[in-house]
Each structure stands twice: as structure tokens, then as C-alpha cells.
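*Asks:* Here are the chains, one letter per residue:
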Amino acid sequence: MDAPANEAPYRLIHDVSFGQGVVVAAFVNLYGCEIGAGTRIGPFVEIQKGARVGTRCKVQSHTFICEGVTIGDEVFLGHGVLFVNDKRPRATNAAGELQGDADWELLDTCVESGATIGSGAVILGGIRLGTGAMIGAGALVAKDVPPHATVAGNPARLLHGVPRHDLGSA
Amino acid sequence: MDAPANEAPYRLIHDVSFGQGVVVAAFVNLYGCEIGAGTRIGPFVEIQKGARVGTRCKVQSHTFICEGVTIGDEVFLGHGVLFVNDKRPRATNAAGELQGDADWELLDTCVESGATIGSGAVILGGIRLGTGAMIGAGALVAKDVPPHATVAGNPARLLHGVPRHDLGSA
Amino acid sequence: MDAPANEAPYRLIHDVSFGQGVVVAAFVNLYGCEIGAGTRIGPFVEIQKGARVGTRCKVQSHTFICEGVTIGDEVFLGHGVLFVNDKRPRATNAAGELQGDADWELLDTCVESGATIGSGAVILGGIRLGTGAMIGAGALVAKDVPPHATVAGNPARLLHGVPRHDLGSA
Chain A
1 MDAPANEAPY
11 RLIHDVSFGQ
21 GVVVAAFVNL
31 YGCEIGAGTR
41 IGPFVEIQKG
51 ARVGTRCKVQ
61 SHTFICEGVT
71 IGDEVFLGHG
81 VLFVNDKRPR
91 ATNAAGELQG
101 DADWELLDTC
111 VESGATIGSG
121 AVILGGIRLG
131 TGAMIGAGAL
141 VAKDVPPHAT
151 VAGNPARLLH
161 GVPRHDLGSA
Chain B
1 MDAPANEAPY
11 RLIHDVSFGQ
21 GVVVAAFVNL
31 YGCEIGAGTR
41 IGPFVEIQKG
51 ARVGTRCKVQ
61 SHTFICEGVT
71 IGDEVFLGHG
81 VLFVNDKRPR
91 ATNAAGELQG
101 DADWELLDTC
111 VESGATIGSG
121 AVILGGIRLG
131 TGAMIGAGAL
141 VAKDVPPHAT
151 VAGNPARLLH
161 GVPRHDLGSA
Chain C
1 MDAPANEAPY
11 RLIHDVSFGQ
21 GVVVAAFVNL
31 YGCEIGAGTR
41 IGPFVEIQKG
51 ARVGTRCKVQ
61 SHTFICEGVT
71 IGDEVFLGHG
81 VLFVNDKRPR
91 ATNAAGELQG
101 DADWELLDTC
111 VESGATIGSG
121 AVILGGIRLG
131 TGAMIGAGAL
141 VAKDVPPHAT
151 VAGNPARLLH
161 GVPRHDLGSA
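Residue numbers (this note's numbering), protein chains in the order written: chain A, 1 to 170; chain B, 1 to 170; chain C, 1 to 170.
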């Protein structure tokens, strides 16, 4: 579909593929991305080209989803969640010109279905968050998180109570 | 009162109770909340239904105040402060439908008068920040903060110089 | 120049000095600041009076640059970067009135040319980030960073591999 299911002012929406029943708040900047059926997008959210968000997700206010990020179904993204897709970003290239697409390597990040990312968490590029994983608010996630694991802190670490056999993939 | 004391473009204000002399910047999404007299609200701020902000507070840009949060008088909220009101949020319930109000427990948070919350701090749900408390920028606050104490870090810890008898309530 | 090089809706721009070819996204609040030639400003950005941004910088979405901040040339500011310019902010002064300019001390922060600040980083007031410095995503920077050093964490610490003679200025 070409449009969200609701009306709201102050939205910039260009070249976005919407599933059925997507609700999008005011004050958003969405372009070149895919949003699955039944998902809700809060205010002050930017989603860049190439990003994909699954069905029945909640994307809360002030969150930024960049190119290279793929989000499964039924994922909760809290407020102010930030994704990263570049390991060592710089403003300019060796010639002193603003970097373009050829000047850096895009890192892909995958958030599997049923995961939750707490408010204010930052997810570095090239990370996989397993299905049902729970990322604590304010966490800085610098390595993969196993399915159903809970992590928190800066840098994020597994919390107690996680089965030991899960640690191998962390 | 039904409106802020000033005019500004690009504001969404629905069902908000304003005290006298409240100044509200552009690019805000305020609904169902109470804002006390003389308080100032910056741009890119969302305040949800049920939240209450006292008198003569400063709420700086990019800050998010959720349902369940009560803020006293003369409180300073820096830029990009995030409150949380759910211990383990998920996008959907057991039936795979987007969660509604019946699917999660609202945690109440109280910020007592005269407190300061530094920019980028995240305040978990169910927390009490005592009167005059000082929360460092970037802190992740996961437990109560005694009156007049200063905390910082992720997770936030009391800084040196706090009277030992205050530690009991931390 | 009096205006950015591009058109975009929902921008508030007052008393800003632009170099040639500056590109400014929608949903911004810029006032009383200087933006150097060729720089790009993302959406949901606020830049306050007295702040200066150099040439060919990238300022990404959700970033806040306050009074007292001077940014060199070819600097990369990620998404959701927050600057601070007050050591112990309070909402009100001893008389119980909202603080004005006379009630607090402005701390100057300098980001030297070629530096990168990762997404979600918070930079305290009075800090100098040396030329080419790399600040990790989610870092809380509480002291100066030497030229070309990489720091990360909360509080930010130098990462391995930094020449020991650089540590003296950290």
C-alpha cells in the first residue's frame, strides 16, 4: 500500500511500502523503506531507505532506523533507540569531500522476531539480536545477542539467569 | 488554561491542562497531560496522557515523558531524557496482537521537586528521584535516588561525597 | 548567506549564517548559529545561538548542539548526539524563578577538525575533543580526548592501541 491507515499532520513519507493497517504518528521522516502490516510508528522517528520493519511491531518516539537494518515481526523498539551501520564513520573522504556511498562499508543488522529493544539503547552495526531477545534500556550493544537472552549495560552484558549454553553465541 | 502562553508553529496539543505562563516550543506532541505554571517545554518533546509536570520546570529538547510519570516543581529535565514505564515491554500479547492497556503493568515514576536530570539520562519505571537529586548526563537510573544525592553512570551509582546515611534509601 | 542551499518543509531557521551549499533537512530548529560551507544537517536537529559548525561536516538526525559549542571542519556527528554546557543545571535560581543567563556559567566545548562523535554519545561541558578523535557510539565523554584517540564507554575511556604519549592530555 502507498499510505498509512491513518491521517496525521507533519509527516514526510516518500517511496515507502506499507502493509495493511500501519499507523504512523506525526513528525516522521520515512523514505525508501518497508513497514509491515499492523505496525505502529511513533513521532520524531526517521527510517531510512533500505530498512525493513516487520508486521505488528511497535516503533516508539525518537527512534532512528538506518539503512542496513532488518527488523522481524512483533518487535518492540522503545523510545530513542539508535541503530548504527558504519564502523568508523567520518564526515569526509581522503579528498576532503563529504563521504558518499562509495566511501564506507554498510554493516547489516538483524533484529529477529519477538525481540525487544529498550529505550535509549544503541545497537552497533553488523549485530544480530536473536528472536525474543530483550535489550535493556540504555544498553550499548556491541556484539550479537542470543535468542531469548537479556542484556543490559554499556557495553551490554548478559544478565544472570541466562542458560549457559546460550553464552556461546553471544 | 487551554493553551500555552506563546505561539509557535508545528505543535500538536490535545487535551492538555496548562498553568499560567507556560511556554511551549515548536515540534511538540503533548496530549492528556498537565503542565504547571511557568514551565517551559522545548522542541521535539512528547508528553503522554496521564503525565504531570509541576510548576517552573524546564523540559529541554528531545525529551520523552510517559504515562505514569509525575514531576514536581522546579525540576530540570535536560535534553534527550527518556522515561520508561514498563518492566519488560513486548510488541504483542500471547495472541500475537499488538499489546493494549490490559496487557502490561504501568510502573509509576516520581521526580520530586528541585531535582535535575542530565541530558541523555534514562529513568527506568517505578523509580523515585528524591527532592533536589542530581542525575548525571547519560545515566541509566535503575533504582531510587535519595534526596539531594548525585548519581551517574550506567547503571547509575552514587558519587563520592554523599552522606552515608543517605545510602540506605538508594 | 541567509538560507540553506535546499528547500524542505517544517524548518525553523532564525538568524543563522550559512556558508555556501549547506543542506538542511526538515524538522529542524536552528537559531543564532553559524553553519560552514558544504555541511549537511539532518532532521530533528536543534542548534542554539552562539554555536558554530565548520565546513563539510555531517550532523545527523536527533542531534542537539548547544550554546558554547564550536565544531571544526569535516566533523561527523552521529544521530542523537547531545552536548551539555552547564555543570550542575537547575530549573530555578535561589529566588525560585526560572534560571536566566545570569544564573549559570556557560562551559565552552570544542570539537576539533576531523573528529567523529558516534550516535547517542553525550559530551559534557568544557571538553576538548582533539583533531581526528573518534568517540564511540553511546559514550559519555567527561574529560578531554587527545588528537586521533578513540574512546568509548560510560564514562568514556581510551581504547587499546592509543600511543602512550597521548594519554597525558586525556
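Among the clues, some could well be false.
[What the hints assert, rightly or not] With a cut-off of at most 25 Å between alpha-carbon atoms, the simulated BS3-like pairs for lysine-lysine come out as follows:
| id | chain 1 | residue 1 | chain 2 | residue 2 |
| --- | --- | --- | --- | --- |
| 1 | C | 87 | C | 143 |
| 2 | A | 49 | A | 87 |
| 3 | C | 87 | A | 87 |
| 4 | C | 87 | C | 49 |
| 5 | B | 49 | B | 87 |
| 6 | B | 143 | C | 87 |
| 7 | B | 49 | A | 143 |
| 8 | A | 143 | A | 87 |
| 9 | B | 143 | B | 87 |
[Claimed, not checked] Which residues of chain B face chain C? A few of them, derived with a C-beta cut under 7 Å, are:
| id | residue |
| --- | --- |
| 10 | 58 |
| 11 | 70 |
| 12 | 108 |
| 13 | 110 |
| 14 | 157 |
To be clear, the hints were calculated from the coordinates, so they are not data collected in a lab.
Heads up, the beta-carbon is just placed ideally off N, CA and C, and yes, glycines get one too.
*Asks:* Residue 49 of chain A and residue 87 of chain A: Cα distance at most 25 Å?
*Replies:* Distance of about 19 Å is within 25 Å: holds.
*Asks:* Is the straight-line distance between the alpha-carbon of residue 87 of chain C and that of residue 87 of chain A 25 Å or less?
*Replies:* Between residue 87 of chain C and residue 87 of chain A the Cα gap is close to 31 Å, so the pair fails against 25 Å, i.e. violated.
*Asks:* Would the hint on residue 70 of chain B be counted as holding, given a Cβ-Cβ threshold of 7 Å to chain C?
*Replies:* violated (16 Å)
*Asks:* Against chain C, run the beta carbon of residue 108 of chain B and see if the smallest gap drops under 7 Å.
*Replies:* violated (22 Å)
*Asks:* Go through the hint on residue 110 of chain B and say holds or violated, using the shortest Cβ distance to chain C against 7 Å.
*Replies:* With a minimum Cβ separation of about 16 Å from chain C (threshold 7 Å), the hint on residue 110 of chain B is violated.
*Asks:* Under the criterion of a CB-CB separation shorter than 7 Å, is residue 58 of chain B in contact with chain C as hinted?
*Replies:* With a minimum Cβ separation of about 5 Å from chain C (threshold 7 Å), the hint on residue 58 of chain B holds.
*Asks:* With a cut-off of 25 Å on the C-alpha distance, tell me whether residue 143 of chain B and residue 87 of chain B pass.
*Replies:* This hinted pair holds, its Cα atoms lying about 13 Å apart.
*Asks:* Would the hint linking residue 49 of chain B and residue 87 of chain B be met if the CA-CA limit is 25 Å?
*Replies:* The given pair, whose Cα atoms are some 19 Å apart, holds under the 25 Å limit.
*Asks:* When you check the alpha-carbon spacing of residue 87 of chain C and residue 143 of chain C, does it fall within 25 Å?
*Replies:* holds (13 Å)
*Asks:* Between residue 143 of chain B and residue 87 of chain C, is the straight-line Cα distance small enough, at 25 Å or below?
*Replies:* holds (23 Å)
*Asks:* So, residue 157 of chain B near chain C? Judge it on the closest CB pair being under 7 Å.
*Replies:* violated (11 Å)
*Asks:* Can the restraint linking residue 143 of chain A and residue 87 of chain A be considered satisfied, given a maximum Cα separation of 25 Å?
*Replies:* holds (13 Å)
Checked against the numbered hints above, the structure breaks hints 3, 7, 11, 12, 13, 14 and satisfies the rest.
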